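Engineer: Each chain, written out:
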Amino acid sequence: GDSVTQMEGPVTLSEEAFLTINCTYTATGYPSLFWYVQYPGEGLQLLLKATKADDKGSNKGFEATYRKETTSFHLEKGSVQVSDSAVYFCALNDNTDKLIFGTGTRLQVFP
Amino acid sequence: ETGVTQTPRHLVMGMTNKKSLKCEQHLGHNAMYWYKQSAKKPLELMFVYSLEERVENNSVPSRFSPECPNSSHLFLHLHTLQPEDSALYLCASSQGHLNTEAFFGQGTRLTVV
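One line per chain: the protein sequences are A and B, in this order.
Count the first sequence with my numbering and you get residues 1 to 111, in order.
Count the second sequence with my numbering and you get residues 1 to 113, in order.
Honestly, the hints are just simulated from the structure, not real lab data.
Just so you know, these numbers come straight off a predicted model, no measurement behind them.
We put the CB at the ideal spot given by N, CA and C, even for glycine.
Where hints are given, some of them may not hold.
[Said to hold, decoys possible] Below, a sample of chain A positions facing chain B; criterion: calculated Cβ distance under 8 Å:
| id | residue |
| --- | --- |
| 1 | GLY43 |
| 2 | LYS98 |
| 3 | THR103 |
| 4 | LEU107 |
[To be verified] Subject to a maximum C-alpha distance of 30 Å in a straight line, what follows is the list of computed DSSO-like cross-link-like pairs (lysine-lysine):
| id | chain 1 | residue 1 | chain 2 | residue 2 |
| --- | --- | --- | --- | --- |
| 5 | B | LYS41 | A | LYS77 |
| 6 | A | LYS60 | B | LYS40 |
| 7 | B | LYS40 | A | LYS68 |
| 8 | A | LYS68 | B | LYS22 |
| 9 | B | LYS22 | B | LYS40 |
| 10 | B | LYS41 | A | LYS52 |
| 11 | B | LYS36 | A | LYS52 |
| 12 | A | LYS60 | B | LYS36 |
| 13 | A | LYS56 | B | LYS41 |
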């Protein structure tokens, strides 16, 4: 079945460091891919998405490119801030009525 | 304001109690979802409603009973829960249910004692 694999956390960085959170997927079709963010005490919020191969999703300085050849959708940001500390979830929707999520990666950014 | 509101935010209940979680969406969406979020586990999809009909039930125990009276409201009725049911329960909605993003509420933190 379809699945999403994320790197284990926590990821600990200093402010202004470069961020990469890896995400790979397994799907039978051509899924849409998403990154969601969950700040402490909150629900999940959509951060960015890509619906087809080679699409790049971007928002708030975060980017992710849909790589069909490597079945990946890695999240990157050039310079993280303390306010980016949260849990990040990679997800896919493969033309069905449900989102499939990874386990989440906690990001901790220190001043 | 996410457009999806869940109440209560926190709930503590005994194993013999009956309680209900409520979700309301103000986005005009026609699909609604219940997810369970436990520590160190992937989000688990519990139920999907599309146009007020249940289209997915992922082998959830019968002690969880969903209700969707209209496209804006979703309930999760709870009875005789177990301590391992303690988790964050998230409601979400989407417009159409294929390849579209979901909008989440803030969740209900449930503790079963």
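Engineer: Under the constraints set out in the numbered hints, which ones does this structure not fulfil?
Structural biologist: Checked against the structure, the hints that fail are numbers 4 and 8, while the rest are satisfied.
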